[in-house]
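K.L.:
As a plain string of letters, each chain reads:
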Amino acid sequence: MHELGVTFYILKDVKKVAEENDVKKVNYVTVEIGEVSTVIHDQLIDCWNWARKKEEVTKETEMRIETLEAVTYCEDCKGEYRTVEYGKTCPYCGSEHTYLLRGNEFNIKEIGVDDDT
Amino acid sequence: MTILELKQGIFKENEVTADGIREEFKAKGKLMINVMSSPGSGKTTTLVRTIEHLKGIVRVGVMECDIDASVDAETIEANGGKAIQLHTGGMCHMDAAMTKQGLDAMGIEDVDICFIENVGNLVCPAEFDTGAAINVTILSVPEGDDKPAKYPLVYEVSEVVLINKMDAIEIFDFDVELAKKRILACNPNAKIFCISSKKDEGFEPWIEFLKSRLKEAEAIQHE
Ligand SMILES: Nc1nc2c(ncn2[C@@H]2O[C@H](COP(=O)(O)OP(=O)(O)OP(=O)(O)O)[C@@H](O)[C@H]2O)c(=O)[nH]1
Ligand SMILES: [Mg+2]
Ligand SMILES: [Zn+2]
Ligand SMILES: [Zn+2]
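As they're listed, the protein sequences go chains A and B. Under this note's numbering, the first residue of the first sequence carries the number 1, and numbering increases by one thereafter. Under this note's numbering, the first residue of the second sequence carries the number 1, and numbering increases by one thereafter.
Next comes chain A alone, as it looks inside the complex (with noise of 0.2 Å):
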């Protein structure tokens, strides 16, 4: 269950962040993930909502996902493609020799609070 590693790696990043700030209620954290991970976005969201309860500054914590788009690079024709539609070979050319460019990305973009706490 790789979700749940990742939750409790947010879980200490959201905190973390709170005492820093001295927040006492985070309302929601909004996580990016590349179309490409291996993470599957309602797993994680419900390992999230099982584990936000063991801290109190995430008690109701609303998590928020946004997907950053995969994009791979033919180093053949310098081209510039979409990763889940193509996979490694190039639409342009048939060239195999391709790499990732972005879209495997896994990060904590922000956290919203309340401005009264």
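Bear in mind the hints are in silico, worked out from the structure with no lab data behind them. Nothing here was measured: the structure is a model prediction, and the numbers come from that model. Don't take every hint at face value.
Lysine to aspartate or glutamate pairs mimicking EDC-like chemistry, simulated, CA-CA at most 20 Å apart [to be verified]:
(1) B/Lys7 x A/Glu66
(2) B/Lys7 x A/Glu69
(3) A/Lys88 x B/Asp146
(4) B/Lys181 x A/Glu75
(5) A/Lys16 x B/Glu15
(6) B/Lys199 x B/Glu223
(7) B/Lys12 x A/Glu32
(8) A/Lys12 x B/Glu5
(9) B/Lys7 x A/Glu20
(10) A/Lys109 x B/Glu5
(11) A/Lys15 x B/Glu13
(12) B/Lys150 x A/Glu96
(13) B/Lys12 x A/Glu96
(14) A/Lys12 x B/Glu201
(15) B/Lys7 x A/Glu75
(16) A/Lys15 x B/Glu5
(17) B/Lys12 x A/Glu75
(18) B/Lys7 x A/Glu96
(19) B/Lys180 x A/Glu96
We have chain A already, so just place chain B with the ligands on it with the hints.
P.N.:
Quick look at chain B with the ligands alone, frame taken from chain A:
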């Protein structure tokens, strides 16, 4: 509503911990090697053979990571290695914090090479840096030669790939040349050794690789 921007990778803290472990091993002239594979590819059997080949030359420690069992650690101890069993508590991979716990519990003063037997899984162990200096993936013949095409990441991060269960090559339609080609497509610099851990065949290049990398590590330490 106030928005606090983080813009940080979730794996950042793990990377920092992993780099710290690598530095510590480097300073001590020791090697840590992370072994990954599908369940049952022969990680434990290969480590036992490796310990046999290194007996009297290199002191080996093994951290066994399982979701919940300790048979592998017992096997290693019975074969002369120093072993510790870590339970990942349902988690499907090792991370650097777990490695650190394991190292503290095991103690590495009387060990030259420390292996991690990662959880049997080709997906997430590849994504989490354990702090090892060298990653190794075992691909066994019955799994099929298409694994590198299906799970490229674990092969991308592996410096060495051991093709195990070569004694079973006649039974399965496993094309060694095709498997090598697919591994090299993931990592053009991968060193690929064909072995049979059961029959103790093909170990020389792997053992030589380990000895020479340990020598390098010791040389850097004495500089
Ligand atoms: N034929 C053959 N069988 C092997 C070889 N190496 C290992 N095996 C067998 O494969 C089975 C699994 O081997 P293990 O070493 O336990 O594999 P593992 O990767 O440690 O397994 P997990 O820790 O459960 O993921 C055992 O029955 C071994 O005897 C080999 O070279 N040839
Ligand atoms: Mg094992
Ligand atoms: Zn995992
Ligand atoms: Zn192209």
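K.L.:
Could you tell me which of the numbered hints above are not met by this structure, giving the numbers in increasing order?
P.N.:
Result: hints 6, 13, 14, 15, 17, 18 break, sorted rising.
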